[in-house]
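A.B. asks: Which chain is which? The protein sequence lines are E and L, in order.
Each residue of the first sequence is one higher than the one before, starting from 1 at the first, in my numbering.
Each residue of the second sequence is one higher than the one before, starting from 1001 at the first, in my numbering.
FYI, nobody ran anything at the bench for these hints, they're computed from the structure.
Glycine included, each C-beta is placed from N, C-alpha and C at the ideal position.
Watch out, some of these pointers could steer you wrong.
[Claimed, not checked] From the structure, some residues in chain L lie toward chain E, with a derived Cβ separation under 8 Å:
| id | residue |
| --- | --- |
| 1 | Gly1015 |
| 2 | Gly1178 |
| 3 | Gly1186 |
| 4 | Leu1187 |
[Unchecked claim] Derived, one-sided and incomplete: chain E residues facing chain L with beta-carbon distance under 10 Å:
| id | residue |
| --- | --- |
| 5 | Val172 |
| 6 | Leu176 |
| 7 | Gln185 |
| 8 | Gly186 |
| 9 | Glu188 |
| 10 | Asn192 |
| 11 | Phe210 |
| 12 | Gly214 |
| 13 | Leu215 |
Number of protein chains: 2
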Amino acid sequence: MSLTRVQQISISLDGFATGDGQSRDAPFGHAGERLHEWMFATRWWHEREGEPGGTGGIDDTFLRQFATGIGAELMGAGKFGPPGWHEDPDWKGWWGANPPFHTPVFILTHHRRPPIEMDGGTTFHFIDAPPAKALEAAREAAGGQDVRIGGGPTIIREFLAARLIDHMHIAVVPILLGRGVSIWQGLEGLENDYDIEATSSPSGVTHITFTRAGL
Amino acid sequence: MSLTRVQQISISLDGFATGDGQSRDAPFGHAGERLHEWMFATRWWHEREGEPGGTGGIDDTFLRQFATGIGAELMGAGKFGPPGWHEDPDWKGWWGANPPFHTPVFILTHHRRPPIEMDGGTTFHFIDAPPAKALEAAREAAGGQDVRIGGGPTIIREFLAARLIDHMHIAVVPILLGRGVSIWQGLEGLENDYDIEATSSPSGVTHITFTRAGL
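Looking at chain E on its own, in the form it has when it is part of the complex:
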């Protein structure tokens, strides 16, 4: 069975997955990298950067689910680039020549362009479709494996509201951003459809998992 999953979306205590004022120089706006410092400390991150060391506990364990069993990613236009990226014909995402996806990646955007093949197995596809339809395309490309909904918060909220997510991992970071894009807005009663577990880490982060009830 091919699931639809969200992995390692980091949010502040007040629920913001990205800050205010996103730009090419500040992909997460005024949040900077503060939502992701817990990741940089792990072995998983160090390996990805080709460096030794890093922590091997709860944080690392959750991060290792990022690629496991994933056959495709579906992301929102706001994750692929800063506001206005579609006006730059050379924009190929934030991640350099070898993006960390290594699967087909579908970008939901009104600004379609031909697919871009990157190093390491990542191909960017640009589609203009409603959530359920886009998910079908990603599912087909995933070849029986799971589809990761990669964010940002707006697309995750849309997929949650449409009850299209089977499993979600959120990392709550103990900071208060005060402003930005909320992951929770408009999702009253979401707990009725999911089994929710919380696991706090010595790093200060709390991992929250949502598993669709009865799955």
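Given chain E, put chain L in place with the hints provided.
C.D. replies: For chain L alone, kept in the frame of chain E given last:
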């Protein structure tokens, strides 16, 4: 040293400490008692109700700090009664003849009335003063012990914004209320003044403590 503390304020994942539509029949609005069910399961709560049984783990341990070392409580008008309580001369709070405070309790309100002495050591005082001034009055009544800021969320936010809180215990309950009164609004950067720890419980609740840095 007499500290200013917040104990066991329960909030939803999306940060609401009380729901929408508070009334005499629904003190927490559409949230009902869903924010407090974790408390009802503990030994601490059972003892308070004169019943045997209850859990004795992390949740219970945090709850036992409620009265420990507290000499007075300061609460907002919205905690003392439903909207319009000041128009009822017989209103003496939600808690019956023997309220669970057992200390002087200061109610911040524009509608002053004479003190009300209740059973069990609780006396309600009604004061109309800015936060720091009200805190002075409660501190004096606390006789060297700590002052608890009892809520609701609006007064806690005010005291946090004024950096008047030394220690705070928040319990995050895994539900999404969607609407209500937020505990976090307008507190960007609060983490700079506090050491923050998170401890998840088997009940699903995550306890978050804020301790003023350097305390």
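A.B. asks: All hints, please: hold or fail.
C.D. replies: The hints, checked one at a time:
1. Gly1015: For Gly1015 (chain L), the interface hint holds, since the closest Cβ of chain E sits about 6 Å away, which is under 8 Å.
2. Gly1178: holds, 3 Å
3. Gly1186: Interface hint status for Gly1186 (chain L): holds (7 Å vs cutoff 8 Å).
4. Leu1187: holds, 5 Å
5. Val172: Since the shortest Cβ distance to chain L is 7 Å, the answer is holds.
6. Leu176: holds, 5 Å
7. Gln185: holds, 8 Å
8. Gly186: holds, 7 Å
9. Glu188: holds, 3 Å
10. Asn192: Hint on Asn192 (chain E): holds, closest Cβ of chain L at ~9 Å, below 10 Å.
11. Phe210: holds, 9 Å
12. Gly214: violated, 17 Å
13. Leu215: Hint violated; Leu215 (chain E) Cβ to chain L Cβ min 17 Å, cut 10 Å.
Of the numbered hints listed earlier, those contradicted by the structure are 12, 13.
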